[in-house]
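Taken in sequence, the protein lines are chains A and B. In terms of UniProt numbering, the first sequence has 543 at position 543, counting the first letter as 1, and numbering is strictly consecutive. In terms of UniProt numbering, the second sequence has 201 at position 201, counting the first letter as 1, and numbering is strictly consecutive.
Watch out, some of these pointers could steer you wrong.
[What the hints assert, rightly or not] Simulated DEER-style distance windows between Cβ atoms:
| id | chain 1 | residue 1 | chain 2 | residue 2 | range |
| --- | --- | --- | --- | --- | --- |
| 1 | B | Glu81 | A | Pro439 | 24 to 32 Å |
| 2 | A | Pro435 | B | Ser8 | 50 to 58 Å |
| 3 | A | Val493 | B | Asp2 | 53 to 61 Å |
| 4 | A | Gly458 | B | Val148 | 30 to 38 Å |
| 5 | A | Pro439 | B | Glu154 | 37 to 45 Å |
| 6 | A | Ala441 | B | Gly229 | 32 to 40 Å |
If you're looking for bench data, these hints aren't it; they were derived computationally from the structure. Ideal Cβ positions, reconstructed from N, Cα and C, are used throughout, including at glycine.
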Amino acid sequence: MSAHVNAPSRTSQDLSESITGGVGESPSRPDGNLKVRGDYAYSSDLGAEDMLWGATLRSPHPYARITGIDVGPALAHPGVYAVLTHEDVPGDNRYGLKIVDQPVLAEDVVRFRGEPVALVAADDPETARRALELIAVDYQVLEPVTDPKRAAHDPALPKLHPDSGCENNLVRYQPIVRGRQDVRADVVVSGTYTLGMQDQAFLGPESGLAIPAEDGGVEVFLATQDLHSDRKQTARALGLPPDKVRMTMSGVGGAFGGREDLSIQAHVCMLAMHTGKPVKMVYNREESFYGHVHRHPAEMYFEHGATRDGELVYVKARMYFDGGAYASKTPVVVGNATTLGTGPYEVPNVDIAGWGVYTNNPPCGAMRGLGAVQPAFAYEAQMDKLARALDMDPVELRQRNAVEQGSVLHTGQQLDYPAPVGELLERARKLPMPPERDPAAEPDIRDLPGGAANTTHGEDIARGVGYAAIIKNVSYAEGADDYSTARASLQAVGGEAVAMVHTAAAEVGQGLVTVQQQIARTELGVERVNIHPNDTSVGEAGSSSASRQTYITGGAVKAACEAVRETLFERAAAKLGHTPPDLAVVDGKLVSDSHGVLADVVEILGDEVIECTREYHHRPTYPLDPETGQSELVHVQHAFSVHRAVVDVDTQLGLVKVVALDCVQDVGKAVNPDAIVGQIQGGATQGMGLAVMEEIQVSDGLIRNPSFTDYLIPTILDTPPMKVDILERGDPHAPYGVRGVGEPPTISAGPAVLAAIRAATGLDLTHAPAGPDHITGTAG
Amino acid sequence: MDFIRAASLDDALAIKAQRPDITPIAGGTDLMVGINFDHTRPSGLLDLTSVPELAEWSESSGVIRLGAGVPYARIISELGEHLPGLAMAARTVASPQIRNRGTVGGNLATASPSGDAHPALLACGAEVELASVRGTRRMPVAEFFTSVKRNAAEPDELVTAVHLARATGPQQFAKVGTRNAMVISVCAFSVALHPERAEVGTGFGSAAPTPRRAADAEEFLSGELTSRGMWDDPRPLPDTVITRFGELVAAAAAPIDDVRGTASYRRHALGVLARRTAGWTWDEYLTGRQTCA
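All chains, please: the whole structure from these sequences, using the hints.
Dropping the structure here:
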C-alpha cells in the first residue's frame, strides 16, 4: 500500500470486551459498545495522507442528449487534479446487477435526473464541488418517458435502451397461470392499488476511499452489501482483473438494499488511478437521494373471487413496476411479485402478470422486502374487502385460506417445510390489546395523533384495528446458485483457544457479526471468537439481502467450523492415540460422555493453526416457465409473518397515531432472540413508514423532496411499543432450521397499519402512503 | 466564507454596518440547512451566539422583551406562564437538540411562512426590535413579513428582540405536520384572547406567502363576544360562532400545493385548527373565570 490509511481500526469489536454466548442465546453485538459510544468508524470516517476528494457532476435532466462536454475550465481551476468523463473509463463503460445496462459515466444520453456525467478530484471537497460548476455540458433536452404502463405497452414512446432487445421499454414480463381460467365465483371483489416510491433512508451516505496500489491495482475501503459483486462490476469498468481490485469493508451506516448497486465504487477508483493519489468520495444527503436506487413504485389491479363461505376460488392480478432508467433489480422484483402475489393463501385458480419497465424516473432496485412489499398492500386490502363483502371476520377469512406445510403455490411449488400461517394469525389475534382510550381522562397529547404539535385534545379520534399476513421468499431464487464462503481457524493465543471467522459477508446492522461468533462458539466449543475484517481475500459471500445471511453465510461458517473441529479431532486422535466416538469440544476442552475431559484444546493445538475454508450452497432452485410461471422449486424457502396494528386517526385532520404494532413471526430457529426482536421492530417501523408517510415524490422525472426535511421517516413519537411473538418451526433444509427474518416484518407492518386506518375511517385508501390529504379527501 | 464572532451587540452592529452582506447566525436551524444544500452561499457569517445582550429576556410593565438569541428550550422552561402561545409553538420546533440552539430571532430573520414562532407572535401582537449603528426601532410583527422569506429589516440591521405583552388571557397554538414530531408545519394556527381590550388575536403559518393574521376572523369573534357580553359574563360559545370563526380563518389563507400538502388540505386543516383552538381558549377562559369567582 502506497499511502498510510488513517482509518479506522476495522475490527468490529473492542478486543478488551468479553462476550460469550452460542446459538440460541442473545449475546451482545461485538460492535454495540463502539457504536453507542460514537467510536465506531463508518466508511465516511476514512482518511489517508495526501488524499484528494472526489465529486460527481450529475444530469439536471431526466432525459437528454449530450451534445458536448467542456472540461477545460474545471481542469484549469486551482486545486483540481482530474476531471474525467466517459472517455476516461478505462474498461467497459457498463455495469449492472442483473442486466449490464448502466454507464459508469453517461455517454451520448442521460436517462435520469442525477445520472453521473463527469467526475472531479480536487484537494478539498469544496473545491471539487466548485469545479463541477465549471464543467460545461450541452444538453439537448428530450421529452421524458414517465408513465410505466405506457412504457410497457406503447410502441410510440422512445425506446430508452434500444439495444436491449426488449419489447417497448419492458425489462421483464412474467405471467403465472394455474388452474382454470374461465372460473366464476359467488363473491368477487376488485381494486386498483398504488404504492409510492420508498427510500431506504440509511443514515450513512455513500462513501469510500480508493488507494492506488504499486502493482497497478487499487485498494478500496467502502460500505457495501456485497464486496464481490462490487469488485466484479468495478474491475470490469476499470479494465482490471478482479484480483487487482481489493476491497475491504468499512463501517456500514445502514443499507436496506440501497447499497447493492454501485455508487462511488468505479468513480473513486478511476480518480485514484488517474491521479495516483488516494481519493475519498462522500455523498451529501441530497446527492444520496440521486445516488442510490429506491423501492419500485407500483400500480396493481387485483380481483379476488370466493365462495359464499369464504373459500378463495381465484385471484387475478396485473402489476406494473417502474424500474426507472436502468434495470438494477427490476427482473427480480417482477419475479418475486408474481410468485408471491397471491399472499400466504391457497388459491386453486390464478392468473397473475407482472411488468417491470424502463422509464426516465429515478432508478429503482433493491429494498428490504424486494417485490413482495408491493403486492402485499394489494392482496391484504383485497382480503379485508372480501371479508366485508362476505360479512366475515377478516382473520377467520385469512385462516380459512392460509397455506400450510404441503400446500402447493400457484407456481406449482409444494411447501416442504413448516408454513404455520394459520397459527400465526391465531396468535396475533390473541395478543393482548392496548388499553382503550379513556375519553374522560386528560390526555397526554403526545399519545394522540399530531403528538406534541397540539392538534387535538381528543376530538374526532377514531380507533381501528387491522391485520396483515404475508409471504416472502428467502435467498436468491429462480435457479441462481446461491452460496457463501467462510474461513474458520483455531489457534492457541496466550494459553487460550481462539477462533477466527473470516467471510466477505456484510454486516449492515442486522447482527451478522454476532451470529457468526455464536455459530463458531457453538461448533468449536471456545469462548473467544474474533471476526476478521470482511474483504475480498476470502471467497464470495453474496449480498446481505433477501433475508439470507444467517441461512447462507451462517451455513458456511457452520461448515467451516465443523471442518476445523474434525481436524482438531484427528489431531487429538493422533496425539492421544485413541479418542472415543462421542468426542466433543466444550469450554475449550475435548470431552466425551464416556471418558470425561480428555485434553485441553490448547494442548492439542500446540503452536499450530487449524484453518478450513468451506462453501455453503442451498439446494438448487429452478427458473419460472416464461409462459406459465410454473417451477418445481422457484424459492428455496418462504418466510411468514403476521402483524396486528391498532391506530388512532384524527378523522378531521387525517393525522394518524399508531398505538400498537404487534408481530407474530416464524423464524425457524431463533439463533439470537434479542437480535430477532430488534430486526422485527426495525422492519415493522420501516413498513409503517411506507404506510403513513414515506414517499419520494416524483413529477416529470424529478424528485421533489430529496432531503430528510421533506422525505419523512418515523420518529419515536410515531412508533408504538411493539410486542413480538416468535415461533420456531424449523426448516429441515436449513442450517439449524433457520428461516430468514429481516424482511417479513417490513412487508406485513404496512398493510396492517393501512387496514387499521381503513377500519377507523371507513375509507378505501388505495394508495400507500395514506397521507392526511388522502384521509380527509383533500388530495386534490 | 468569513466567520466572524461578535463579542457584544455594539461589535455585532458595527460589523453589520461595515458588511451589510454578511449573514447573521444564531442556532443555524434554517441557515445551515440552506448552506448544506448549497441553496445559499453567504459571503460571511456573523456569529451572534456570544452576544450577551441577545441572550436574555426581561419584563417591564407587563411587557416581555425577549432577546433574539434566547433558545426555544428556555422559552419553554422559563416563559410558559408568561407567553403560553409562544411556548406551545416552541415545543413543536424540531427536536430537543435543535430547541437548545434555535431562536425566535433566527426564525424572524429567516421569515419563512412556515416559521413555528410566527403565528404565536402574530396572535400576541408582538413587536420586532431592530437595531443598527443608526439606532433602534420597533415594528409590529405583522408588518415585518414582507414576502416569501423576506422581512423589513434594512441590510445593516439585526433582529435584536421581540416585545410581547404578558398574556392576559388564554392562548393556544397548534400545528399540522405529516408526522408526530420533528416536522415542518403543513399549516399552523395560533389564537390569543386579550380580554383587557376585548380583542382576539390570530396568526397562521404555511398557508400564505407570509405568516398572516386572520383579521376578519379576529373581528368576528371579538365582535360576537362583545355583543353577547361574554367577556364579562362568559358562557359556552355557540357552535355556530366557532364554525364561522373556522370558516373565516380558512378564508384568510392563500395556500399553495407543495411537497408537504395540497392547498385544499391546508385550507381545510386550518379551519379545523381554528375551531379547535378557539374552543380550547374559550373553555380555559370560561373555567378560569369560574375558578376565580
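Hints violated by the structure (numbers, ascending): Hint 5 alone not satisfied by this model.
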